[in-house]
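Peer 1: Here's the letter readout for the chains.
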Amino acid sequence: MTEPIPAVQIKHLTKEFKAPSGKANQGTQIRAVDDVSLSIMPGEVYGLIGPNGSGKSTTMKALLGLIAPTSGSCYVFGKNSLKTDSRQDIGFLPENPYFYKHLSGEETLRFYAKLCGMRGKQMHSRVDEMLELVSLNDARKRRIAGYSKGMLQRIGLAQALIHQPRLLILDEPTAGVDPLGSRDIRDLIIQLKERGVTVFLCSHLLEQVQEVCDHVGIIFNGKIVREGKLEDLIAIEDQTEIVLKNAHADELDQMRQLIDSSSESELIRIGKPKTTLERLFLNEAKKSAAKQQTTGETHAK
Amino acid sequence: MPSNGPNESNYSSGLGGLSGLFSLRRIGVIAAHTFTQLMRMKVFYFLVVFAVLMLFASFFDMPWSRTAEDTAEQELIILKSTAMGAMTMFSTLFAIAATALLIPKDLEDRTLYTILSKPVPRLDYLLGKLTGVLMLVAASLLLMDGLLSFILEVRTHGLITQEIAQGEAQQWPQSYIDFRVSAIAQQGVTWHLQAGIAAIFFKAMIMAAMALLISTFSSSTLFTIVIAVVIYFMGHFTSDARSYWLDNQQQSVSFAAKTMSQLGALILPDFQLYNIIDATIEGKKVSLAIIGRLTILTFLYSGIYSVLAWFTFRKKEF
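Line order of the protein sequences matches chains A and B. Counting in this note's numbering, the first sequence runs from 1 upward without gaps. Counting in this note's numbering, the second sequence runs from 1 upward without gaps.
Read the hints as simulated data drawn from the structure, not as lab findings. Keep in mind it's a predicted model, so treat the numbers as computed, not measured. Backbone N, C-alpha and C define an ideal beta-carbon position, used for all residues, glycine too. A few of these clues could be false.
BS3-like, lysine-lysine: derived pairs with alpha carbons at most 25 Å apart [stated by the list, open to error]:
1) B:LYS315 x A:LYS79
2) A:LYS229 x A:LYS18
3) A:LYS83 x B:LYS42
4) A:LYS286 x A:LYS79
5) B:LYS285 x A:LYS18
6) A:LYS141 x B:LYS42
7) A:LYS18 x B:LYS258
8) B:LYS105 x A:LYS141
9) A:LYS272 x A:LYS223
10) B:LYS42 x A:LYS274
Covered, in the sense of this in silico footprint (three residues per stretch, anywhere, with C-beta under 8 Å from a C-beta of chain A), are these stretches of chain B [said to hold, decoys possible]:
11) 32-43
12) 194-203
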């Protein structure tokens, strides 16, 4: 059986830039990405995490052919990323995307669809599908200039998906988006994964990466310092977690005694697990929305 | 939930030109979008200025110009000169400014990222932008041409009627009246005048391609506009400068120097060749051969600048 072609293959990518003028080190080369190698198999969701200026965006730009590697190479489904046809399989959402303000949401999607060679009924139905998917049907005729940050991000995601790409590249997909919008985007990424789309995302919002990614790479100062399956990377090998529901104090005492009697085991912590602030916010928002709806219905009656 | 599965079928990449080097369909998409973008930027407002200028020019009677016998023609020449001068200025400035503005704006707004991350060759992007600007220049020139032709036709008709009445009152021989009518009609709306307007478009086309080239390496829109305007003015003197230099040097000019001067003429546009604009204002006839030569020359200049722009842009990093 032949090995499947990786969706993304980056081999020893190095990218150097000239130091900008006016700086003390003017004329010298700054290494933004240093010998990065990684491989993403079809259907995986890969998160590249790292602080600002660590080389995440440069790696993505190299993969999109927007910059040429100083050395090394990038491949998308086996095609060199410097070749235009490799982009047929890519959908890209840049960080803080801006689109042509004079176009409406629908016109924007039509423009990008036409650029990908789509036309006629196929294009129109795909545009409708995408507007439905990102919940912008009501705003389809509105000019982009009047879109909120979250709406811009969603239309950006729709344009990235318009030509049904096999690989979706997302640069900080939830930057500046409120928690509800952010949740929608994450849900969408999970749905896309279920449909076999490979996702490569960059973020410094670690909790979000943890929720959607199954593979993670940590980049620091242009170098990949850790990489692998998320589960393997975050598991603490010498610890075991037991979560109980409605446990009685006596039962807990018995457990403590049992652990104390062991020569090797050590009890580190017993307490109530904490939810995240985000989950708390989403639950409260959901409750408030339901309450508002009920009040509205009562008034209507 | 709509289908979002991976793309299994390949979409049409468009009608390929020059053995797949570029896609005419994709260039058309970008050009149509650029045209809409400029339209919605309300650039057509300058046509209102042109219309007002035309109205002033058509009703502005210049008594001091009525010294010679052929004063009727003189009025029409002044009208054409004003209109075509404005058309040249508007179309050239617009071609330079719009082209200089569009690519840096796309880069600043990051829309360029979303376009180039689609299967869009950079040549398609450049040619699409250029074509979009030229479509708008052509559309505005057509509108201005329509307005000029209408006013010119009305004025010509009025002047011919006046001239016939004057001739009959002063009992001019019929042959002389016919001669005068023909002389006035020659200054009216003719195909030769349309050739002059085509030459205005050609100049704008060359300058748009030049601005495109400069904007691919320039660091600011202002720099692109200033350099393009300087080149535009230089283009009106390159021919004279070259002739003067070659004549002064006489026999001492080497083959290399001659070649260099010719290369210079090729790189810098020679706008003196486009002087048919002045000839058509004066009512002179322009042969088809000259129009053909100018068309070839325009496409040659624009082609060279576009190819150079592509060479710079294809390796540009964003």
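Peer 1: Each hint: holds or not?
Peer 2: Outcome of the hint check:
{"no.": "1", "hint": "B:LYS315 x A:LYS79", "verdict": "holds, 19 Å"}
{"no.": "2", "hint": "A:LYS229 x A:LYS18", "verdict": "violated, 35 Å"}
{"no.": "3", "hint": "A:LYS83 x B:LYS42", "verdict": "violated, 37 Å"}
{"no.": "4", "hint": "A:LYS286 x A:LYS79", "verdict": "violated, 45 Å"}
{"no.": "5", "hint": "B:LYS285 x A:LYS18", "verdict": "violated, 58 Å"}
{"no.": "6", "hint": "A:LYS141 x B:LYS42", "verdict": "holds, 20 Å"}
{"no.": "7", "hint": "A:LYS18 x B:LYS258", "verdict": "violated, 40 Å"}
{"no.": "8", "hint": "B:LYS105 x A:LYS141", "verdict": "holds, 24 Å"}
{"no.": "9", "hint": "A:LYS272 x A:LYS223", "verdict": "violated, 38 Å"}
{"no.": "10", "hint": "B:LYS42 x A:LYS274", "verdict": "violated, 57 Å"}
{"no.": "11", "hint": "32-43", "verdict": "holds (count 5)"}
{"no.": "12", "hint": "194-203", "verdict": "violated (count 0)"}
Going down the numbered hints, you'll see the structure goes against 2, 3, 4, 5, 7, 9, 10, 12, while the others check out.
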